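**Q** One-letter residues, chain by chain:
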Amino acid sequence: MLLEVKNLTIPTFDQKCVIVNDVSFDVREGSIHAIIGPNGSGKSTLAYSIMGLSNYKPFQGKIYFDGIDITDMSITERSKMGITLAWQEPARIEGLSVKKYVSLGIKDKSNLGEKVTEALEIVNLPSKKYVNRYIDNSLSGGERKRIELAAVVAMKPRLIILDEPDSGLDVIITEDFMNIFNKIKKLNMTILLITHREEIGMVADYGTLIWHGDVLITDLFPYVMLRYCKKAGLKEFCKRTLYKEGKPCFPEDYIDRIFNEEEPFE
Amino acid sequence: MSKEDYPEDILNSLEDYNIDIRDFLPGHGGGAKLLLDFNRIKGIEQYEGIILRGKEIPNGIVADVIIKEGTKIDEPVHLCFGVNKETGVQEIFPRIIAEDNTDVKVQAHCSFPNANGLIHKMYGHFYIGKNCNFTYTETHYHGENSGALVAPVGYMYVGENSIFENVFNLTKGTPGKVKIMLDIYAMENSVIRSNVKAFGKNKNDSVRIRDAIYLEGQNASSVLKMKAAAKDGGEVLMYGITEGNAPYCNGHVECSEIVLGKGSICRARPFIRATDPTSSVSHEASLGRFPQKWLDEIMAKGLTEEEATEILIEAMLGEE
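Just so you know, the sequences run in chain order A and B.
Sequential numbering from 8 applies to the first sequence in this note's numbering.
Sequential numbering from 25 applies to the second sequence in this note's numbering.
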């Protein structure tokens, strides 16, 4: 396993209550693993804790990366090991060129132009048009998300945490982003995808469902999604959306049966 | 003019700004040019539509730049006020007139690479006519010894329907003691954009910049952005003033300053005043450290907190 999260509990800043409660799951190398759950379920908190942000230190539990305990490591140490995060809303660091921003995490600065071009093209941004632009309000939200994604891809990390990469994007662009995730996967980078939108999660191989801070299931993504739909009482929605490569993931009667079963954990 | 005729130290001094003064020497590239070596005029190059005159006086020069009515040129007018010496007094009296319907850029390079007790003073008067598009960029380099005392004063009148862009940059090298005072008077429908950036790098650096914009004409508007950083005992005061004195005028002052290391001081004093009930003037100021989220975003790309801070300063004080 590339990433192992063991019994992680993350409190609020004031330590008065728990956001993520005794969470455990594993992420396989080379996979796309989606963390899904409704708004406020603790998905982003989990992502920030895995990245090592200072305000998201776990109260208990361990995080292992490639078998090494990284629980007490700093954000910089983790990123040097090959973990990075693409932010839901990247800061607008005005005054920095796109080239400079994308190259921030490239360790070997030789042939920098080529490396930046390659990263921009992976996220479907024509390099000539963007490389000399500055990060300012002339860039749309979608363009900024792609630039952020290019910057993390340029690092060639082993694990990319994508925090709600779909937020604020329209449906057509969402489809394009899913293709980009598949491209990144083919480059041997593992993706931990944080999302609450089922259609973008369909790109994932595996998934973990978080519900009010608890992990309910970790499995192949369609099974996780099925459980999510059942939890939310969305049978018809489930039948309509659980498709992979144009084919339904489950026969309708199977979905009916699952929905009629009693919840095993309640 | 050949490159050998001008001190090498000055020619190379703006490299960190990605500016090569060689590109602006008379006989090299387009545009009108006036070059000073301390208090001597080393070269003047005229350009169609522009009158450029320089007169040497004790301790400095009077420089007149007149942009004739209707002149629109891409090549900037270049003014280079260079001093290669360590000490001395350089006083500059620029008088710049942009007649109506002109579109021009003026670039001033004030470079004192060996300053160690050097005094540079400027008393500038600018008159921008009607329907003009005028950009004034002043880039400063005061060497690495905090040895300059620089005190420019400027008065600028911006006529009806004109756009005036002011860019002041003192972010490379060590500033020394700097006191800048600038008054801009904005007439009807004029637009003022002023960006001021400075970086105090040690306890011998003290930068005080007072920029004032007076919105005197109906619908005049302005944005004054002042950005600074102070480290290792450096001190920066940014005093941004905007007054709304005319109907429907609109002004904004923004001060952002970052403090690094013990003993450094950043002060921001945005001052706004409205005397017309239909005017609108606002300000915002932030001082201290960068938001943690910004630092985290950079650190997640493998950089340390110190490196991330350097990058953010570069961004804040860099180009826009």
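Quick caveat, the hints were computed from the structure, so don't treat them as lab data.
Where hints are given, some of them may not hold.
Claimed, not checked - Listed next, the in silico DMTMM-like pairs over lysine to aspartate or glutamate satisfying Cα-Cα at most 25 angstroms (straight line): (1) A:Lys192 / A:Glu269; (2) B:Lys317 / A:Glu150; (3) A:Lys135 / A:Glu125; (4) B:Lys196 / A:Glu101; (5) A:Lys163 / B:Glu240; (6) B:Lys227 / B:Glu330; (7) A:Lys116 / B:Asp29.
What the hints assert, rightly or not - To be clear about the criterion: a stretch of chain B counts as covered by chain A if any three or more of its residues have a C-beta under 8 angstroms from a C-beta of chain A, and this derived list gives those stretches: (8) 315-325; (9) 331-339.
To be verified - Partner residues are not named here, just some residues of chain A that face chain B (Cβ under 8 angstroms, in silico): (10) Leu92; (11) Leu111; (12) Asn139; (13) Met162.
None of the values given here were measured: they were computed from a predicted structure.
Each residue gets a CB set at the ideal place from its N, CA and C atoms; glycine is no exception.
**Q** Could you run down the list of hints and mark each one as holding or not?
**A** Okay, the hints, checked on the actual structure:
no. : hint                : verdict
1   : A:Lys192 / A:Glu269 : 37 angstroms, violated
2   : B:Lys317 / A:Glu150 : 20 angstroms, holds
3   : A:Lys135 / A:Glu125 : 11 angstroms, holds
4   : B:Lys196 / A:Glu101 : 18 angstroms, holds
5   : A:Lys163 / B:Glu240 : 56 angstroms, violated
6   : B:Lys227 / B:Glu330 : 20 angstroms, holds
7   : A:Lys116 / B:Asp29  : 38 angstroms, violated
8   : 315-325             : holds (count 10)
9   : 331-339             : holds (count 4)
10  : Leu92               : 5 angstroms, holds
11  : Leu111              : 5 angstroms, holds
12  : Asn139              : 11 angstroms, violated
13  : Met162              : 6 angstroms, holds
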